[in-house]
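Enquirer: Here's the letter readout for the chains.
Protein chains: 2
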Amino acid sequence: MSKLIECIPNFSVSRETDPVVFQGLVDVANGVPGCAVLDVQTDGSHNRCVFTMVGSPEAVEEAAFRLAKKAAETIDMNKHVGQHPRMGATDVIPFSPAMDVTVEECVELSKRLGKRLWDELGIPVFLYENSATRPERVNLAKIRKGQFEGMAAKLLEPEWEPDFGERRPHPTAGVTAVGARMPLIAFNVNLDTDNVEIANKIARAIRGSSGGFKYCKALGIMLEDRKIAQVSMNMVNYEGTPLFYAYEMIRALADRYGVRIIGSELVGLTPAKALIDCAEYYLKLENFDCRKQVMEYHLLDME
Amino acid sequence: MSKLIECIPNFSVSRETDPVVFQGLVDVANGVPGCAVLDVQTDGSHNRCVFTMVGSPEAVEEAAFRLAKKAAETIDMNKHVGQHPRMGATDVIPFSPAMDVTVEECVELSKRLGKRLWDELGIPVFLYENSATRPERVNLAKIRKGQFEGMAAKLLEPEWEPDFGERRPHPTAGVTAVGARMPLIAFNVNLDTDNVEIANKIARAIRGSSGGFKYCKALGIMLEDRKIAQVSMNMVNYEGTPLFYAYEMIRALADRYGVRIIGSELVGLTPAKALIDCAEYYLKLENFDCRKQVMEYHLLDME
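Protein sequence lines correspond, in order, to chains A and B.
Per this note's numbering, residue 1 is the first one in the first sequence, and the count goes up by one each step.
Per this note's numbering, residue 1 is the first one in the second sequence, and the count goes up by one each step.
These are computed hints drawn from the structure, not numbers from a lab.
Quick reminder that beta carbons are idealized off the backbone N, C-alpha and C, glycines included.
Worth double-checking, as some hints may not be accurate.
[What the hints assert, rightly or not] Cβ pair distances, simulated, as ranges:
#1 B:A141 to A:N195: 29 to 37 Å
#2 B:R112 to A:D192: 48 to 56 Å
#3 A:E286 to B:Q83: 26 to 34 Å
#4 A:K3 to B:L156: 53 to 61 Å
#5 A:E286 to B:E197: 51 to 59 Å
#6 A:D289 to B:K214: 24 to 32 Å
#7 B:R112 to A:H84: 37 to 45 Å
#8 A:E197 to B:D225: 50 to 58 Å
#9 A:E197 to B:K3: 23 to 31 Å
[As the list claims (entries may be wrong)] With a cut-off of at most 20 Å between alpha-carbon atoms, the simulated EDC-like pairs for lysine to aspartate or glutamate come out as follows:
#10 A:K3 to B:E265
#11 A:K111 to A:E197
#12 B:K284 to A:E248
#13 B:K111 to B:E62
#14 A:K284 to B:E286
#15 B:K3 to A:D301
#16 A:K284 to B:E265
#17 B:K227 to A:E108
#18 B:K292 to A:E265
#19 A:K227 to B:D100
#20 A:K284 to A:D301
#21 A:K115 to A:E149
#22 A:K70 to A:E108
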């Protein structure tokens with residue numbers, strides 16, 4: 001069994017705004033044996049970049065630490081301007097299970113890394129999502145509210161003592177959030193209508209926040225270029241709320257409003273299991289053991 | 001890109017009939033770096049065993065050669081008794097694409113190995129399936145007809161000159177068939193009827209041999225323990241004839257006979273792509289790039 005963890009750290013720099021600092025991070029990420037960089041997204045107006053890395057728990061932890069160290073050495077948040085909310089040079093580091101690993105193991109990893117970020121780099125850390133130590137810290141947006149500029153005051157508020165570190169941001173690197181969560185799947189379903197209100201109604205019905213599926217976030221949007229409405233979703237735990245739950249419920253609700261699903265899309269990476277679970281459902285497979293019967297899992301065990 | 005090939009060689013010995021010879025083959029298979037043994041099936045009444053191995057083209061070729069050499073050294077076909085048709089100590093060696101490899105590359109590999117089996121071991125070789133050099137050699141059953149005992153005479157017939165080697169079987173190891181084919185997927189669909197004639201009619205409609213899907217072999221069988229009829233299929237090219245073609249056609253035909261699909265099963269290993277293609281169909285995914293968007297393929301690239 002090869003344990004694999006995905007890590008998607010976000011940094012407050014972009015290739016567009018500072019190519020040298022950006023490249024420094026890329027070089028660090030590519031220099032950790034056992035950790036592979038699958039993707040790097042960079043956005044100039046956000047002044048932000050996002051790495052997608054996968055590797056053994058040890059390699060991924062080491063890569064995340066070295067990146068945070070490099071970011072602290074090369075990014076000065078006092079000078080950072082960008083459209084995306086941010087509170088640190090290394091803004092957020094989520095860990096997710098990729099193979100033969102539980103979320104709980106990712107939580108343990110996030111705590112080990114959080115402690116190191118304070119002990120070795122002097123960066124205060126909030127644990128979020130499944131790693132959160134209290135309910136109001138589950139949501140990253142709540143932790144980050146006030147952004148880098150407001151963190152010095154926020155950390156002095158009684159309820160905002162960091163999980164690791166003292167009540168003062170790193171002078172240039174700010175504050176970092178570290179946590180564990182299931183892989184997020186961006187899944188959108190297109191309707192044959194230009195009435196975005198129908199997509200909104202369906203989104204409201206299926207999302208957990210308003211009574212729908214617990215691990216589904218959804219909103220209705222208009223695809224202006226195609227003149228069609230879309231139910232845009234983040235599936236935040238495909239084991240708890242499989243993709244076909246959302247798809248079949250959207251199909252039923254669309255029918256109720258007299259429209260049809262004309263297509264769907266997955267944005268970015270998805271674990272094979274999330275799709276194989278759909279095949280299992282639609283083909284009515286009996287006694288199917290994904291881990292044993294899908295060849296690629298055996299290939300991954302070979303390493 | 002890591003090229004991976006699956007190899008499923010069949011040998012005329014079983015753990016039940018000769019544990020020492022059987023174990024000798026297992027040890028050889030496990031001793032080739034870069035080639036992993038995923039599964040070993042052994043059947044005493046067939047007096048036969050089947051290895052499922054995956055690895056780089058070079059490693060898989062080497063493993064297949066070493067196994068054929070070991071089988072030739074330790075199995076005497078003059079003494080072999082078993083219910084399954086067979087013509088050699090190493091009876092048949094199929095190669096299939098597992099990742100980033102075409103069937104054509106597997107054909108080339110089968111020809112390299114076939115030449116080695118004659119040149120270095122003195123075993124005549126027939127190329128079959130996609131590697132066949134003439135139409136009547138595509139089907140293994142036609143090549144193997146007459147079995148080991150009839151091969152000496154068969155090889156002297158004008159149309160049965162081996163593809164590699166002279167017109168005389170190896171005195172103890174007989175003749176071997178080597179070829180390339182797409183991975184075979186055993187896929188069965190269960191109906192809520194005890195009338196096997198309905199399963200037979202559906203099987204006849206969907207299989208290529210009687211006008212149905214080109215890469216689907218099918219027959220109706222009765223599951224006596226469950227008292228239900230089953231359409232039992234071998235999907236011999238899941239890219240040409242996807243699983244959901246068969247499933248949806250069975251659904252339509254079952255409806256025509258007033259019965260329903262109550263479940264299905266996959267027997268043994270399947271490539272992830274065969275199932276992900278089904279998810280893509282049922283979720284109506286647009287612009288989906290399996291190779292780029294499914295994380296596990298990136299993990300396999302890491303090796």
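Enquirer: All hints, please: hold or fail.
Expert: Now for the hints, and whether the structure bears them out:
1. B:A141 to A:N195: 29 to 37 Å: violated, 60 Å
2. B:R112 to A:D192: 48 to 56 Å: holds, 53 Å
3. A:E286 to B:Q83: 26 to 34 Å: holds, 29 Å
4. A:K3 to B:L156: 53 to 61 Å: Given range 53 to 61 Å: holds, Cβ gap about 58 Å.
5. A:E286 to B:E197: 51 to 59 Å: The hint (51 to 59 Å, Cβ to Cβ) is violated, given that A:E286 and B:E197 are roughly 23 Å apart.
6. A:D289 to B:K214: 24 to 32 Å: About 30 Å separates the Cβ atoms of A:D289 and B:K214, which means 24 to 32 Å holds.
7. B:R112 to A:H84: 37 to 45 Å: violated, 55 Å
8. A:E197 to B:D225: 50 to 58 Å: At 53 Å between Cβs, range holds.
9. A:E197 to B:K3: 23 to 31 Å: Violated, since A:E197 and B:K3 (Cβ atoms, about 51 Å apart) do not stay within the stated range.
10. A:K3 to B:E265: violated, 28 Å
11. A:K111 to A:E197: violated, 43 Å
12. B:K284 to A:E248: holds, 12 Å
13. B:K111 to B:E62: Between B:K111 and B:E62 the Cα gap is close to 13 Å, so the pair holds against 20 Å.
14. A:K284 to B:E286: violated, 23 Å
15. B:K3 to A:D301: holds, 16 Å
16. A:K284 to B:E265: holds, 8 Å
17. B:K227 to A:E108: violated, 50 Å
18. B:K292 to A:E265: Roughly 14 Å between the alpha carbons, so the hint for B:K292 and A:E265 holds.
19. A:K227 to B:D100: violated, 38 Å
20. A:K284 to A:D301: violated, 27 Å
21. A:K115 to A:E149: Violated, because 23 Å separates the two Cα atoms, which is more than 20 Å.
22. A:K70 to A:E108: violated, 23 Å
In this structure, the hints that do not hold are numbers 1, 5, 7, 9, 10, 11, 14, 17, 19, 20, 21 and 22, in rising order.
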